[in-house]
Structure formats: structure tokens, C-alpha cells
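Here's the letter readout for the chains.
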Amino acid sequence: MSVRRLNEEQPSEFAFTPENLSWAEGQIAKYPEGRQASAIIPLLWQAQKQAGGWLPEPAIRHIADMLDMPYIRALEVATFYTMFNLSPVGEHFVQLCGTTPCWLRGADELKDVCRKMIGEQGEITEDGKLSWLEVECLGACVNAPMVQINDDFYEDLTAKKFEQILNDLRQGNEVATGPQNSRRASEPEGGLTVLKGDK
Amino acid sequence: MSDNLKVTVDGIEVEVEAGTTIMQACEKAGAEIPRFCYHERLSVAGNCRMCLVEVENAPKPVASCAMPVAPDMVVSTTSDTVKTAREGVMEFLLINHPLDCPICDQGGECDLQDQALGFGGDASRFEDNKRAVENKNMGPLVKTIMTRCIHCTRCVRFAQEVSGVPEIGAIGRGEDMEITTYLEASLDSEMSGNVIDLCPVGALTSRPYAFTARPWELRKTETIDVMDALGSNIRVDMRGREAMRIMPRNHDDVNEEWLSDKSRFVWDGLNKQRLDRAFIRRDGKLVPASWDEAFDLVESKLNGKGNKTAAIAGDLVCAEGQFALKGLMDALESPHVDCRQDGAKISGPRGNYLFNASIAGIEEAGALLLIGSNPRLEAPVLNARIRKRYLAGDFPIAAIGEATNLTYETEFIGAGADTLADLLAGKQSFADTLKSAANPMIIVGQGALTRDDGAAVLASAIELAEKTGASFNMLHTAAARVAGLDLGLLPGDGGFDVAAMQEAAHSGALENIILYGADEIAGASLGNAFVVYIGSHGDRGAHRADVILPSAAYTEKQATYVNTEGRAQMTEQAATPPGEAREDWKIFRALSARLDITLPYDNLNALRAAMYESAPHLARLDEIVVADAPQTPSHDGLGTDAFTYAVSDFYFTNPIARASTIMADCAKAKGARIGAEGTGTDG
Chain L
1129 MSVRRLNEEQ
1139 PSEFAFTPEN
1149 LSWAEGQIAK
1159 YPEGRQASAI
1169 IPLLWQAQKQ
1179 AGGWLPEPAI
1189 RHIADMLDMP
1199 YIRALEVATF
1209 YTMFNLSPVG
1219 EHFVQLCGTT
1229 PCWLRGADEL
1239 KDVCRKMIGE
1249 QGEITEDGKL
1259 SWLEVECLGA
1269 CVNAPMVQIN
1279 DDFYEDLTAK
1289 KFEQILNDLR
1299 QGNEVATGPQ
1309 NSRRASEPEG
1319 GLTVLKGDK
Chain D
68 MSDNLKVTVD
78 GIEVEVEAGT
88 TIMQACEKAG
98 AEIPRFCYHE
108 RLSVAGNCRM
118 CLVEVENAPK
128 PVASCAMPVA
138 PDMVVSTTSD
148 TVKTAREGVM
158 EFLLINHPLD
168 CPICDQGGEC
178 DLQDQALGFG
188 GDASRFEDNK
198 RAVENKNMGP
208 LVKTIMTRCI
218 HCTRCVRFAQ
228 EVSGVPEIGA
238 IGRGEDMEIT
248 TYLEASLDSE
258 MSGNVIDLCP
268 VGALTSRPYA
278 FTARPWELRK
288 TETIDVMDAL
298 GSNIRVDMRG
308 REAMRIMPRN
318 HDDVNEEWLS
328 DKSRFVWDGL
338 NKQRLDRAFI
348 RRDGKLVPAS
358 WDEAFDLVES
368 KLNGKGNKTA
378 AIAGDLVCAE
388 GQFALKGLMD
398 ALESPHVDCR
408 QDGAKISGPR
418 GNYLFNASIA
428 GIEEAGALLL
438 IGSNPRLEAP
448 VLNARIRKRY
458 LAGDFPIAAI
468 GEATNLTYET
478 EFIGAGADTL
488 ADLLAGKQSF
498 ADTLKSAANP
508 MIIVGQGALT
518 RDDGAAVLAS
528 AIELAEKTGA
538 SFNMLHTAAA
548 RVAGLDLGLL
558 PGDGGFDVAA
568 MQEAAHSGAL
578 ENIILYGADE
588 IAGASLGNAF
598 VVYIGSHGDR
608 GAHRADVILP
618 SAAYTEKQAT
628 YVNTEGRAQM
638 TEQAATPPGE
648 AREDWKIFRA
658 LSARLDITLP
668 YDNLNALRAA
678 MYESAPHLAR
688 LDEIVVADAP
698 QTPSHDGLGT
708 DAFTYAVSDF
718 YFTNPIARAS
728 TIMADCAKAK
738 GARIGAEGTG
748 TDG
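Taken in sequence, the protein lines are chains L and D. The first sequence runs 1129 to 1327 under the numbering used here. The second sequence runs 68 to 750 under the numbering used here.
Check before you lean on any hint, since a few could be wrong.
Once the Cα atoms are required to be at most 25 Å apart in a straight line, the calculated SDA-like pairs of lysine to any residue come out as [claimed, not checked]: (1) K368/D x L557/D; (2) K737/D x K1289/L; (3) K737/D x H1190/L.
Looking from chain D toward chain L, a few residues come up when the C-beta cut is under 7 Å (computed) [said to hold, decoys possible]: (4) P138; (5) I238; (6) R240; (7) D243.
FRET-style restraints, in silico, Cβ to Cβ [said to hold, decoys possible]: (8) N124/D x G1325/L: 41 to 47 Å; (9) R1133/L x T148/D: 24 to 30 Å; (10) K735/D x G1247/L: 22 to 28 Å; (11) S1314/L x E476/D: 36 to 42 Å; (12) E1153/L x E469/D: 49 to 55 Å; (13) P1146/L x T707/D: 55 to 61 Å.
No lab work stands behind these hints, which were simulated from the structure alone. Glycine included, C-beta positions come from ideal geometry on N, C-alpha and C.
In isolation and in its complexed conformation, chain L is listed as follows:
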């Protein structure tokens, strides 16, 4: 992880859509009067979703105002959690796990694919479809190596498979989520090795 800064270019304003606003009000209502600040993370998350995967600065202020918090307190939260992207991301935002199990299972090759197809970390492709970031463990080590694209995990990847997925996403084709080597969830590769019946 490195120092995270707000993006230089920012939209001039941010406001929740009516649906998101009523959703946000529902979240705020979960907390007792005077404790609205507790709703900061869900609201920032919803704002990030609405803004296309990243959190613009006016959104931070907008939410701080909604929750009656000083702006700096909201900024502290937004910069603390790496799940909040402070700069724009591609339509399909790839979070590539580079922690030890994935790395041992070939995460470096996946990174090469990203560099080849997208560019360096944080860069967005010209068509705005893809961008990527190396992240720490996403908790799917049994299916290493893996990436998370938007809300979905893509596991048991090979460089070739990964390239195919990125291509399909870019062209808007349907892509299967989860393990990519035909196993189900985290069952053993090549079929069961135990619990096969009486033997």
C-alpha cells in the first residue's frame, strides 16, 4: 500500500440519486439520534457505486454534511479503507491478489497480462473499460491465483484464461464467475480424493 491521494480532477458536485438517497436515509435510521456518523461506511460505499467505482471529493463532503460530521472526519474514513477508490477506475475494475499463496500459484503472470492488456496499475484503458490494482489477500487462497472484478471473484486462473476473461468483459460478453478450471467452489482439483464411499 502506498500513500493515497484524492484525484486531481474532480466533478464539481455530487448528490445521491433519489433511490440511493432513500436507501441512505434507511441506513442512517439504523442508528440512534446523535450517532448518525456510524452510517459513514455504507454511505461512502453507495456513493462510490453511484459514481462509477470511485469516490469523488464532493461526495465525501456531501456525506459528511448528511451525517453532520466535520469534512476531515469523513476524509479520514475514506482514506483509511482501501476499498474506497480515490481516483476513477475502469468499468471493470480488477483487484489482483498478489499475496503469497496467489503469488506462488502464478499471480506474477496475471500481472503481466494486466500490464499487457491494460497498462500500469491505476491506469484506465482508453475505452474506459478496464483498470487494475494489486491488492492484499482477498481470502480465496484455496482457489489461487485469483482476481476480483467489480463484485465477483474469478479463481483458479491461468494467464490465458485471465486474458480471455478480460477480452470478454471488454466486449460485453457473458463471463462465468468463480473457479475457471471447472471445479466446483473449493473442491479438490481432479475430483474427490476422499469420502468416495466404502473402500
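Given the structure of chain L, go ahead and fit chain D onto it with the hints provided.
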């Protein structure tokens, strides 16, 4: 179980209250605990880990600042474990600290430096590159060198808790945590300078003082501040004749250890725009003159014109000078004396114009009503005290005046005098709140008293205080005022007050006006009168003057000031007055000799003896002499106009502040902020 617990620290048994922290118990036992993040006036953070001590039966060293004592606890602050723990913490703190002490302004007064020497190891085992952090803008007062930051978060807590302007925060996390303001806006607090004192390292330092001096080459004089009527205790650091900086001193009953930005950074004003010799006006121009020439001219105008001469005492002048001025005017047989240059309609016994509940008394108050007072600008440190009481909880605060952010929750119940009338008539429910609270307080600001119906406001406020059982408190804005009122610098029989003096100057009823440090009066309003200005700075008064007699500023004389709660305190001389300027009382004494009405004292001691005779409480330094109960003065009835506050331009309230370029920079930064907010592009 009794409330007191026995704790053993390094073999010494001490008895402490339940809820005390181990650190406090250790201090009681005389053991020194190093610390960075802990500060007794801020909440406990417990993040620096420097205060680790060993507690018997605890599996590992504990942070003593955050751990309450338990019965029969046995604490060691000197064991090998503690020594190793401190060395370890210090080694980690220094991993990312640049060790640029030779070029750091904190050098010589740095907690990290001192504690590394006292408790650190001898070498670091860290061989990688150190972290570097971008500096942040925090405005014209606070300079940041963020690589030096050790993340104690004292500044964050101060901004949130004491100043009530939560603008500093810690963004990012772990090694990348950075202290900043939102989008690097300059701090919008009147007390921001205090973060410089709080910072235990050189990350937040004084921008105006940067690279100008080292602490060990400064001559330190402990004195009293006059920028507001609080009488904050300060230390002026001088190099040669030049003031280099001003720091707060601790006084629990006055300023605790805080200081407002104006008091702290006004020092460059002491070195600028100074009147260092006498001037007289010739052909419409002020030209330098000798004392003799100046006195000749004053003598020729004043001789035999005693009753056509008036005197106004200003905001920053001392008790001694005012006493000598009063003596001079009495000898001239002129009743036209006034120390209320703002025109505040103050009269009556001493209780009518004091902050009777005392500043520390705010902490015992149960409810507060502000009448035409904006303490945030009129006395920021006092405002911090109100906020402290507010944070303790259960403290309803209401205000009459224009709604503004006072840093605590305030119910603005009305804009003007009619609301005050409603309160008196029982038509406003806050009167009941006051009545039912313990130790309720009413604070009246100068803005409510300078109006035409000022006397009525004063009377109504006193009446309301009597009716509700509240203490009556007046918040002054001028350091000189209480002493002036104590010494009776008020119009005598048939005497003019400030407003009447201005009319009389136009009509010719007054021919001479002595302005003693009075700079808040528009020059044109003095008509064709012959104006003698006695003061330290070339400001409004001097521009209008026909004769200027240069006097000493507050750091250049040993003089008495009485603060808004009636506490007499004495300044110490940090420097001699510049050039030919003289101490104020000497000028009046010399002038009286010229006019053949020689005042009966030849030295400061004799003057003080005479002054103490007329106002004995001035001799009781640093004491509050309980004043007579307030009495409602006569008046012509309340008006309905909205109150305006006495201070709108916080950074420019007096001649010294107006001479200061630092204050000008602050005002500019503030202006930029307001402008930005106006366009909606600011954070």
C-alpha cells in the same frame, strides 16, 4: 470499598482516587514517565507507547497513560523491562524521524530530542530508506514539516476538543498516515497557534518565527498579555531589543496553557510602526521634534484651558498611566475624562463591570446566557473554557445576538434588546432554564453596551441576573478598561463622555483633547481640537494628532493591568521603549511639571503608593477581590435594535495588531477562506 486505592510505585506507596491512571499515580509518587501523545488537557489516545511501565502480574508492559489503577497494584518504572521497552519504542519512533535537528526549529525545546537522550538507546538498527511525507498547508501561522511527525495526534485532539474547530485529521493509515487539514485549508481557529506548543516534535512549528532564533539565545520575560481583557499569562522571548516570539504560561484560573493567535503572533507589531520620538504638526505635516519642543507646544495650548481640555484613555494602556492621566486632569480641573473610548454605557459599582463569576467559575456554571457577546472573537481562550464546560455535558447555552458558530451548541433566542425584555417579562423560556440551573451565568458583551440604550441593556441584564439567581458577568474587550473604571476615569460633574467630547470638539466647547493610546476614534470626529496623542504606535490616533508624545508598549514597562474578572496582574519589562519613547506615567509627570501642577510622585513606587490608596485592590496581585453586588443603573428604556458584536475584525482590534504583518496575513487567509466558501468550491 473506599474511593481511595493504594498503589505502590517503585517501592513508594501512594494513595490515589479510583479512576486515576497509572501515570498520574506514578507522578504522585515522584516517578517521571516519558510521554508524547498524552497531554493532561486533552483526551487520552495511548498511541505513542512511550509511557510503558511494568505492572506486577501483567503479562507485558502497559501504557500507563490509558490504564486506570487497580487496588494494590505494584508498578515499576525503573525495571529492566521498562528500560528495554522505552528503548524499543524510541527506536521505532526514530525509524521514520529524519534527525534533522540542526535545521529544525524545535531543536533545543523538543520532547523527542530530550526523551531520546534520556530514555533512548544509543543506535538504530534500521538500515532501509526512511519515510518522507509531503508538507501540508495549514495557513500563515503553522508551518509543517510532516516528515518529522510521530503521529501523536495531539494537534488533532486539540482542534477537536479544545478549539472546537475540528479541521485537523489523520488521513491514510499505518506508515502512510498523515496529519492534514481538509484539502489543506488554513486553520479557521483563533487558537490554532497552540498546536505548535502541543507538537512534541518539529512537525508543526511557528511559521513567522521560522529560522529566526534558537531558544537558548532568547531572553525570556514572564509577563501579561493585553490583546484581550483576559490577562493571559505570557512569556515574551527577546533577542536584543527585538521581540522574537510570545508563548503562553500556565495559569489555571486564567488561560490554562492556551493563548489566542492574536496574543501569540502580534509580536512583529511590537517592532513596527513604532513612535520612537516626539512629533509636532507644522503646516499640516507631522515633523520630528524634541521633547522640549513638543512640551512647549502642549504647554502653550493647555495653559489656563484646563476645563477646555479632555482626555480619553485607550484599550491597551496600563493602570499606572491611567492613574497619572487622571491625576493630571484633576490638577487641570477638567472633568472631561473617559476611559470608555468605545462609548460603552458602563456605570455603577465594581460589580457592574466585572466578570464576577471568574473565568475558572465557568466550569461550575449550570447554564449560560450570552447577551451581545461573541466570546470566540472577543476572548478566544475564555471561549475555550465555555466549550470545556459544554463538553462536560448538561450545560444549556443561549445567546442574544446574530447567530454565529461559537464552537459549541448555542440556542440563538433572539437578535436584540426586545428578546432581553421578553426574558425579563418571563415570556422567554430560557429565563426558567437559568432559574432552575445551579450557578447560572449571564455574560454581557461590549457590543450590547455601546449602543444608545446601553445603560438600559446593562440594567436589564443586572435585573435578569437578580431575578434568575444568575451571576452577572461583563466580558470586556480592552485590557485597560477595568483598571480605568477602577481608577475612576469617567466624566466628573458636568464632564463630557466620549460621544459628548466629540460634539464639544466640533462646537468649540473643547479645545484640547489628550488621546492616551486611544486609536479607535475616527480622526474627523474630533473637529478642530488640538489633539495630543500619547502612545506607542503610529496608528489612527497619531494620524490625527497635532503633537505626538511617544510612550512604551506593554512589553516595555512594568505596569499593572486588571483583567475582565478584576484580577490585577503586573507585566514585566522585556525591553526598553524604543528611541526617545518614555514610560507612560513619566510623560504625564513631566507634562504636569511643565504646567506647574506637578503630580506628587517622583518614581514608580510613589505613584503606586498613591494609586493603591485610591484603589487598594490593585495592590493584591493575582487575586480576585470580590466586588460589590451589581446595581441597576438609571436608563431611558430598552430599544429594539439587534445587537452587534464588539469585535468583527479579530486580527485588527488594536494599534499593535494593525501594525503586525502576521495579523494582516491571518486576515488575508481568513478572507480567502470566506471568499472560497462563498463560491462553494471550498472544502
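How the hints compare with the structure:
{"no.": "1", "hint": "K368/D x L557/D", "result": "23 Å, holds"}
{"no.": "2", "hint": "K737/D x K1289/L", "result": "58 Å, violated"}
{"no.": "3", "hint": "K737/D x H1190/L", "result": "23 Å, holds"}
{"no.": "4", "hint": "P138", "result": "35 Å, violated"}
{"no.": "5", "hint": "I238", "result": "4 Å, holds"}
{"no.": "6", "hint": "R240", "result": "5 Å, holds"}
{"no.": "7", "hint": "D243", "result": "5 Å, holds"}
{"no.": "8", "hint": "N124/D x G1325/L: 41 to 47 Å", "result": "56 Å, violated"}
{"no.": "9", "hint": "R1133/L x T148/D: 24 to 30 Å", "result": "41 Å, violated"}
{"no.": "10", "hint": "K735/D x G1247/L: 22 to 28 Å", "result": "44 Å, violated"}
{"no.": "11", "hint": "S1314/L x E476/D: 36 to 42 Å", "result": "54 Å, violated"}
{"no.": "12", "hint": "E1153/L x E469/D: 49 to 55 Å", "result": "32 Å, violated"}
{"no.": "13", "hint": "P1146/L x T707/D: 55 to 61 Å", "result": "45 Å, violated"}
Checked against the numbered hints above, the structure violates hints 2, 4, 8, 9, 10, 11, 12 and 13; every other hint is satisfied.
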